[in-house]
Each structure stands twice: as structure tokens, then as C-alpha cells.
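Trainee: Put together the whole structure using the sequences plus the hints.
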Amino acid sequence: EAGVVQSPRYKIIEKKQPVAFWCNPISGHNTLYWYLQNLGQGPELLIRYENEEAVDDSQLPKDRFSAERLKGVDSTLKIQPAELGDSAVYLCASSPGPQETQYFGPGTRLLVL
Amino acid sequence: DQQVKQNSPSLSVQEGRISILNCDYTNSMFDYFLWYKKYPAEGPTFLISISSIKDKNEDGRFTVFLNKSAKHLSLHIVPSQPGDSAVYFCAASSGNTPLVFGKGTRLSVIA
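Taken in order, these protein sequences are the chains called E and S. The opening residue of the first sequence carries number 1021 in the working numbering; numbering runs sequentially from there. The opening residue of the second sequence carries number 46 in the working numbering; numbering runs sequentially from there.
Don't take each hint at face value.
Stated by the list, open to error - Computed Cβ-Cβ distance ranges for the label pairs, DEER-style:
| no. | chain 1 | residue 1 | chain 2 | residue 2 | range |
| --- | --- | --- | --- | --- | --- |
| 1 | S | Asn141 | E | Trp1042 | 25 to 33 Å |
| 2 | S | Asn102 | E | Glu1070 | 40 to 48 Å |
| 3 | S | Gln59 | E | Gly1092 | 45 to 53 Å |
Claimed, not checked - Derived pair list, reagent style DSS-like, types lysine-lysine, alpha-carbon separation capped at 27 Å:
| no. | chain 1 | residue 1 | chain 2 | residue 2 |
| --- | --- | --- | --- | --- |
| 4 | S | Lys148 | E | Lys1031 |
| 5 | S | Lys99 | S | Lys148 |
| 6 | E | Lys1082 | E | Lys1036 |
| 7 | E | Lys1082 | S | Lys148 |
| 8 | E | Lys1082 | E | Lys1035 |
| 9 | S | Lys116 | S | Lys50 |
| 10 | S | Lys148 | S | Lys101 |
| 11 | S | Lys99 | S | Lys116 |
| 12 | S | Lys148 | E | Lys1098 |
Hint data in this document are derived by calculation from the structure and do not stem from the laboratory. For each residue, glycine too, the CB sits at the ideal point set by N, CA and C.
Mentor: Laid out in C-alpha cells, this is it:
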């Protein structure tokens, strides 16, 4: 069974530029999560989707971050404009349902210069 | 305010010995606890979990113990192997709330 796929794996951009990350969850997983992981910290939830509906986006900085999960399968997380402090690893995870074990992708490491 | 705390940033253990990773939590509403393992440049991988109705769950070399009165859980790895060297994250949740992760403990198993 294929795992959670994320791309790109690495991204270097200059501040104020836009950036987008893509995630394809495990087939059949209805719940999709985007996490932010700063160096030396654990993952922190940005947004959770149940199918195509964002059910928890309270931690998403909506002035610059946006996400979508059209058709309830793959998802895109966007930052516009990026700031220096956005340098981190962005993890995507999926689970069959909201209370079930989450499976993580390899993450996208973002460096904002 | 950190709700899930892993107070040891790192731990070194000799191969074949027991590794004990500790985790404390402050939210008494947490009822489900998990351990994830993370290798460099990879995402966290689910290792083992425990519900608050249990005090122990075992899976091969890995055992998680939960002490609800002390709000403490621990992960035991016996025997430790070099391939166990990774960062271990403790996580907790309650009901439909998001998983809350600790900062992780880096385990080094020395051959």
C-alpha cells in the first residue's frame, strides 16, 4: 500500500514569494491533516479535513496561509507571501477517519531566505 | 503552555539494554496516547498507542505504560537495537481534539 506522498521534498524561496505544497493521502483515507514542525519541536496541527471540508483550521494563519482539498482526495497548502519565520517542515498526514491512527508523509522542508 | 512534555531531549542506551522514554501530560481530558518514531528526513511513523482504559500495551519489543494518576506514560524498548536510534514523539488526544505532540526525545542506541 502506498503511503502519504508529498511534494516537493525541499523548497528554497526568497521572502515575500509564494509557495505551495502538495499532498496525496493514502487511498481511502477520508481525513487529511497539515502539520507544521519547527526545529526541535513536535508537529503542530494547521488544518484538518474530513473529505473536502475543513473541520479544524483554528491554528492556520489565515492572513497568509490557505489550503484546499478539492474532491476530498489530494490537498494543497499555500503560503503567500512567505516570511522568514515560515522556514520549517510541513507535514501531511492522513487517517481512515478522525479518531484513527494518523500516517505521515515525509514532509516538505521549506527554507525562506 | 505545553500540554505534553518530554523532558529528556536525548537518551543514549547500549545495544541489548532497555530504553525507557518518558512523557508527562497536563490535560486530564486526554484519553488516547500514541508514540511515533521519526528518522531524519522522514515523517513520523506510528509505533504504538494506548487508551486510557488500559495501563499497558505491548507490541513485540515495545511496551507503553500509562499511569493516569501521575499523568505519565513511558515507552519501553527491550532489547534496544541500533535501528531504534531515532527521535520519539509522544502524542495525546481527547475525543475529537487534535493530537498534541511533545517535543521529542532523541534515542541513540550504541552498538
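Trainee: Run the distance test for S:Lys99 versus S:Lys148: straight-line Cα separation, threshold 27 Å.
Mentor: holds (24 Å)
Trainee: Given the hinted pair E:Lys1082 and S:Lys148, is their Cα-Cα distance within 27 Å?
Mentor: holds (25 Å)
Trainee: Holds or violated: 25 to 33 Å for the Cβ distance of S:Asn141 and E:Trp1042?
Mentor: Since S:Asn141 and E:Trp1042 have Cβ atoms about 27 Å apart, the given range 25 to 33 Å holds.
Trainee: Tell me if the straight-line CA distance from E:Lys1082 to E:Lys1035 falls inside 27 Å.
Mentor: Holds: E:Lys1082 and E:Lys1035 sit about 18 Å apart, inside 27 Å.
Trainee: Hint check: S:Lys116 vs S:Lys50, CA-CA at most 27 Å. Holds or violated?
Mentor: Holds, because 11 Å separates the two Cα atoms, which is no more than 27 Å.
Trainee: Is the Cα-Cα distance between S:Lys148 and E:Lys1098 27 Å or less?
Mentor: holds (25 Å)
Trainee: Holds or violated: are the alpha carbons of S:Lys148 and E:Lys1031 at most 27 Å from each other?
Mentor: Distance of about 24 Å is within 27 Å: holds.
Trainee: For a C-alpha distance cap of 27 Å, please report whether S:Lys99 and S:Lys116 respect it.
Mentor: holds (13 Å)
Trainee: Is it true that the C-beta distance of S:Gln59 to E:Gly1092 lies inside 45 to 53 Å, as the hint says?
Mentor: holds (48 Å)
Trainee: Please work out if E:Lys1082 and E:Lys1036 have their alpha carbons no farther apart than 27 Å.
Mentor: holds (16 Å)
Trainee: Is 40 to 48 Å right for how far apart the beta carbons of S:Asn102 and E:Glu1070 are?
Mentor: violated (27 Å)
Trainee: Would the hint linking S:Lys148 and S:Lys101 be met if the CA-CA limit is 27 Å?
Mentor: holds (23 Å)
Against the hints set out earlier in the document, a violation occurs for number 2 only.
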